[in-house]
Amino acid sequence: MKKIFLFSLLLISSHVFADSGSRLIASGGITGFEGTAGGGITPWAFIGGYTSKEEISYSANVQYLSLNDYTLKTAGLGISLFDRVELSFQRQRLDISSGLTSNVFALLTDGAITNANSATIEQDIIGAKVKIFGDGVFTQNDWLPQLAIGAQYKKNRDFDSSLSLPDGSVPLPGIGVPLLLGAKNDSGTDIYLSATKLWLGYPSGYNLLANLTARYTRANVFGLLGFGSEGDDSAKLEWEGSLAVLISPTTAIGTEFRTQTNRLGGLAEEDTVVDAFIAYFPNKSISITAAYVDLGNLPLQEGSSGFYLTVSGNF
Amino acid sequence: MMALFIRAITAALIAIFVIGCTSTPQQSLYEEIGGHQTLNTIYGVAITRIYTDPVIGHYFKGVPKKHLRDRLVTQTCELIGGPCEYDGKSMVESHTGLGIKEREFYILVEYVQGAMRDVGLTYQQENRILNKLAPIKYETIYL
Ligand code: HEM
Numbered sequence: 018m019k020k021i022f023l024f025s026l027l028l029i030s031s032h033v034f035a036d037s038g039s040r041l042i043a044s045g046g047i048t049g050f051e052g053t054a055g056g057g058i059t060p061w062a063f064i065g066g067y068t069s070k071e072e073i074s075y076s077a078n079v080q081y082l083s084l085n086d087y088t089l090k091t092a093g094l095g096i097s098l099f100d101r102v103e104l105s106f107q108r109q110r111l112d113i114s115s116g117l118t119s120n121v122f123a124l125l126t127d128g129a130i131t132n133a134n135s136a137t138i139e140q141d142i143i144g145a146k147v148k149i150f151g152d153g154v155f156t157q158n159d160w161l162p163q164l165a166i167g168a169q170y171k172k173n174r175d176f177d178s179s180l181s182l183p184d185g186s187v188p189l190p191g192i193g194v195p196l197l198l199g200a201k202n203d204s205g206t207d208i209y210l211s212a213t214k215l216w217l218g219y220p221s222g223y224n225l226l227a228n229l230t231a232r233y234t235r236a237n238v239f240g241l242l243g244f245g246s247e248g249d250d251s252a253k254l255e256w257e258g259s260l261a262v263l264i265s266p267t268t269a270i271g272t273e274f275r276t277q278t279n280r281l282g283g284l285a286e287e288d289t290v291v292d293a294f295i296a297y298f299p300n301k302s303i304s305i306t307a308a309y310v311d312l313g314n315l316p317l318q319e320g321s322s323g324f325y326l327t328v329s330g331n332f
Numbered sequence: 066m067m068a069l070f071i072r073a074i075t076a077a078l079i080a081i082f083v084i085g086c087t088s089t090p091q092q093s094l095y096e097e098i099g100g101h102q103t104l105n106t107i108y109g110v111a112i113t114r115i116y117t118d119p120v121i122g123h124y125f126k127g128v129p130k131k132h133l134r135d136r137l138v139t140q141t142c143e144l145i146g147g148p149c150e151y152d153g154k155s156m157v158e159s160h161t162g163l164g165i166k167e168r169e170f171y172i173l174v175e176y177v178q179g180a181m182r183d184v185g186l187t188y189q190q191e192n193r194i195l196n197k198l199a200p201i202k203y204e205t206i207y208l
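Order-wise, the sequence lines are chains A and B. Take my numbering: the last position of the first sequence gets the number 332, and nothing is skipped along the way. Take my numbering: the last position of the second sequence gets the number 208, and nothing is skipped along the way.
To be clear, the hints were calculated from the coordinates, so they are not data collected in a lab. Check the hints yourself; a few may be wrong.
[What the hints assert, rightly or not] Mimicking DMTMM-like on lysine to aspartate or glutamate, the simulated pairs with C-alpha atoms at most 25 Å apart in a straight line are:
| no. | chain 1 | residue 1 | chain 2 | residue 2 |
| --- | --- | --- | --- | --- |
| 1 | A | K70 | B | D135 |
| 2 | A | K201 | A | D250 |
| 3 | A | K201 | A | E139 |
| 4 | A | K70 | B | E158 |
| 5 | B | K202 | A | D159 |
| 6 | B | K202 | A | D152 |
| 7 | B | K154 | B | D183 |
| 8 | A | K70 | B | D118 |
| 9 | B | K154 | A | D159 |
| 10 | B | K131 | B | E158 |
| 11 | A | K90 | A | D249 |
| 12 | A | K70 | A | D159 |
| 13 | B | K131 | B | E175 |
| 14 | B | K197 | A | D152 |
| 15 | A | K70 | B | E175 |
| 16 | B | K197 | A | D159 |
| 17 | B | K166 | B | E150 |
| 18 | A | K253 | A | D159 |
| 19 | A | K70 | B | D183 |
| 20 | A | K201 | A | E286 |
| 21 | B | K166 | A | D159 |
| 22 | A | K90 | A | E255 |
| 23 | B | K126 | A | D203 |
| 24 | B | K197 | B | E175 |
| 25 | A | K201 | A | E71 |
| 26 | B | K166 | A | D152 |
| 27 | A | K172 | A | D288 |
| 28 | A | K90 | A | E286 |
| 29 | B | K202 | A | E71 |
| 30 | B | K166 | A | E71 |
| 31 | B | K126 | B | E169 |
| 32 | A | K253 | A | D152 |
| 33 | B | K197 | B | D135 |
| 34 | A | K172 | A | D141 |
[What the hints assert, rightly or not] Cβ-to-Cβ under 10 Å is the rule here; a few derived chain B residues that face chain A:
| no. | residue |
| --- | --- |
| 35 | A68 |
| 36 | L133 |
| 37 | S159 |
[Claimed, not checked] Sample of chain A residues at the chain B side, in silico, Cβ under 8 Å:
| no. | residue |
| --- | --- |
| 38 | R40 |
| 39 | Q157 |
| 40 | A212 |
For glycine and all other residues, C-beta sits at the position ideal for the given N, C-alpha and C.
So that you can see chain A by itself, here it is in the shape it has in the complex (with noise of 0.2 Å):
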């Protein structure tokens, strides 16, 4: 149904102005990897792509996390309209190692199991921006930032996804890896506020900004492994942060971070994510960002960090 809602708005969309938009280069930011323009791991202020009051844009992206044993591929799509409003779908595939979930079940069943196939958790998110204050680029003469609030609804499709055996055998019918480590739901919305402000000019003549999110979520590692828990149902507010520095006109770098309740414990219990990164924006229409992206303990791997590399287009 949402679907149907975003493509048509892409059909009558073709009388207002959509190229990639005018506004200042890298302004718009990176699509983070849950399909929300800002950085890497979480969502800013700005409008994604670059359109100013009189113009629509159309975003797509496509990423790659590698964490040793777990891989994350996203991809998506997203409208810009009239700076104002940010709508975006993003399908997410979280994969598995079969070393890692031959371990789980050596675990579940002391050792009696001890192989198991990999396996695949996917999550789709449907993402809404609302620009509501400012101009975190052009008002150089105060301190305001520019503020958006925004949703991400998310639903698991995995939750009950069935882990199996390499002679197909199915020993948890109904139980997928969220379910398994105790997660309560398989969706869940998000809620957040984002303030931003690029200052044109600081530090020595490059431009900096710095960005800060509150978000409200029950998600258990972002919804990758459900949302609540038996134990603890309620959603809690979570803060995240970017602070990037232009060093060219077409190069950023920077950091960010983005904290996590822990709501499974014992094997998923969750830390706050790092990351740093350089993003290159060679023109309005692509970027290309890598990073480091460090996420702490994710179950049966307590060091999961590795590199992150994302591609967004405008058109």
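Could you slot chain B with the ligand onto chain A? The hints should help.
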């Protein structure tokens, strides 16, 4: 490799901040870029392009190039610490009735940016000038 990546980015960020906090500019930005002559060239280049732009060119029909160029040079000179005093019409007054759209504003900004680059200003000088011009946005659009 990963550790190196993180360290390189952290080091670069720290370096930029340290330089930013320790350097005390001896001269104004106006002097640094080469004063009146440089500004005059920048706006000469930008105006030629603006006047022939298919989207925003029409706004400038009947506006004498020399007049606008002189006004822009004086205004920017004042904004970046030069010895000038802008005594032209107020920004709201000169743009009221034109109905300039935000998209058109950005087009003009990119011409000025492009001219600064073509004339040889550094990226840093360009950003520091943009910092001063940026707030004028809301005295020019949708009026
Ligand atoms: C930060 C952006 C801008 C600055 C700093 C600026 C500055 C100026 C200045 C200094 C003048 C001369 C006023 C006088 O005659 O005393 C002027 C006039 C004018 N500007 Fe702008 N301007 C900006 C944006 C724009 C934009 C985006 C447009 C149109 C697309 C525009 C169109 C005009 C026109 C047509 C005039 C002549 C008005 C007249 O003489 O009646 N300006 N502007």
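Consistency of the hints with the structure:
1. For the hint linking K70(A) to D135(B), the alpha-carbon distance of about 31 Å lies beyond 25 Å, and the restraint is violated.
2. Simply put, K201(A) and D250(A) have alpha-carbon atoms about 8 Å apart, close enough for the 25 Å limit, and the pair holds.
3. For the proposed pair K201(A) and E139(A), the alpha carbon gap of about 17 Å is at most 25 Å, so the pair holds.
4. Distance check on the hinted pair: K70(A) and E158(B) sit about 22 Å apart at the alpha-carbon level, within 25 Å; holds.
5. Under the criterion of a C-alpha separation no larger than 25 Å, the hint pairing K202(B) with D159(A) is consistent with the structure, at around 14 Å.
6. Between K202(B) and D152(A) the alpha-carbon distance is near 10 Å, which keeps this suggested pair within the 25 Å criterion.
7. With a C-alpha separation of about 29 Å, the suggested pair K154(B) and D183(B) falls outside the 25 Å cut-off, and the hint is violated.
8. Taken as a hint, the K70(A) and D118(B) pair is honoured in the structure, with Cα atoms around 20 Å apart against an allowance of 25 Å.
9. Simply put, K154(B) and D159(A) have alpha-carbon atoms about 24 Å apart, close enough for the 25 Å limit, and the pair holds.
10. Simply put, K131(B) and E158(B) have alpha-carbon atoms about 19 Å apart, close enough for the 25 Å limit, and the pair holds.
11. Restraint check for K90(A) and D249(A): the C-alpha separation of about 29 Å exceeds 25 Å, so the hint is violated.
12. At roughly 22 Å between alpha-carbon atoms, K70(A) and D159(A) fall within 25 Å of each other, so this suggested pair holds.
13. For the hint linking K131(B) to E175(B), the alpha-carbon distance of about 21 Å falls within 25 Å, and the restraint holds.
14. Our distance criterion of 25 Å between C-alpha atoms is met by K197(B) and D152(A), whose separation comes to about 15 Å.
15. Taken as a hint, the K70(A) and E175(B) pair is honoured in the structure, with Cα atoms around 17 Å apart against an allowance of 25 Å.
16. Proposed proximity of K197(B) and D159(A) is supported: the alpha carbons are some 12 Å apart, at most 25 Å.
17. Taking the CA atoms of K166(B) and E150(B), the gap is near 28 Å; set against the 25 Å cutoff, the hint is violated.
18. Distance restraint check for K253(A) and D159(A): the Cα-Cα separation of roughly 32 Å exceeds the 25 Å cut-off, and the hinted pair is therefore not satisfied.
19. Of the pairs offered as hints, the one joining K70(A) and D183(B) is violated, with about 29 Å between alpha carbons and a cut-off of 25 Å exceeded.
20. The suggested pairing of K201(A) with E286(A) holds, with an alpha-carbon distance near 16 Å, which does not exceed 25 Å.
21. Our distance criterion of 25 Å between C-alpha atoms is met by K166(B) and D159(A), whose separation comes to about 23 Å.
22. Distance restraint check for K90(A) and E255(A): the Cα-Cα separation of roughly 24 Å lies within the 25 Å cut-off, and the hinted pair is therefore satisfied.
23. Of the pairs offered as hints, the one joining K126(B) and D203(A) is violated, with about 61 Å between alpha carbons and a cut-off of 25 Å exceeded.
24. For the given pair, K197(B) sits about 15 Å from E175(B) by alpha-carbon distance, which is consistent with the 25 Å threshold.
25. At most 25 Å may separate the alpha-carbon atoms for a hinted pair to count; K201(A) and E71(A) exceed this at roughly 44 Å.
26. As the CA atoms of K166(B) and D152(A) are separated by approximately 15 Å, the hinted pair is consistent with the 25 Å bound.
27. Of the pairs offered as hints, the one joining K172(A) and D288(A) holds, with about 22 Å between alpha carbons and a cut-off of 25 Å not exceeded.
28. Between K90(A) and E286(A), the direct Cα distance comes to roughly 22 Å. Compliance with the 25 Å bound is thereby established for this hinted pair.
29. For the given pair, K202(B) sits about 15 Å from E71(A) by alpha-carbon distance, which is consistent with the 25 Å threshold.
30. A C-alpha spacing of about 8 Å is found between K166(B) and E71(A), which places the hinted pair at or below 25 Å, so the restraint holds.
31. As the CA atoms of K126(B) and E169(B) are separated by approximately 15 Å, the hinted pair is consistent with the 25 Å bound.
32. Proximity of K253(A) to D152(A) is assessed by CA-CA distance (about 29 Å); at most 25 Å being required, the pair is judged violated.
33. Between K197(B) and D135(B) the alpha-carbon distance is near 18 Å, which keeps this suggested pair within the 25 Å criterion.
34. Distance check on the hinted pair: K172(A) and D141(A) sit about 5 Å apart at the alpha-carbon level, within 25 Å; holds.
35. A hinted interface residue such as A68(B) counts as satisfied when its beta carbon comes closer than 10 Å to some beta carbon of chain A; here the least separation is about 8 Å, so the hint holds.
36. Annotation: interface hint on L133(B) violated; nearest CB of chain A at approximately 21 Å, more than 10 Å.
37. Hint status for S159(B) relative to chain A: violated, with the closest Cβ pair at about 18 Å, above 10 Å.
38. For R40(A), the shortest C-beta to C-beta distance to chain B is roughly 6 Å, which falls under 8 Å, so the interface hint holds.
39. With its C-beta approaching chain B no nearer than about 4 Å, Q157(A) sits inside the 8 Å limit, and its interface hint holds.
40. About 18 Å separates the beta-carbon of A212(A) from the nearest beta-carbon of chain B, more than 8 Å, and the hint is not met.
In this structure, the hints that do not hold are numbers 1, 7, 11, 17, 18, 19, 23, 25, 32, 36, 37 and 40, in rising order.
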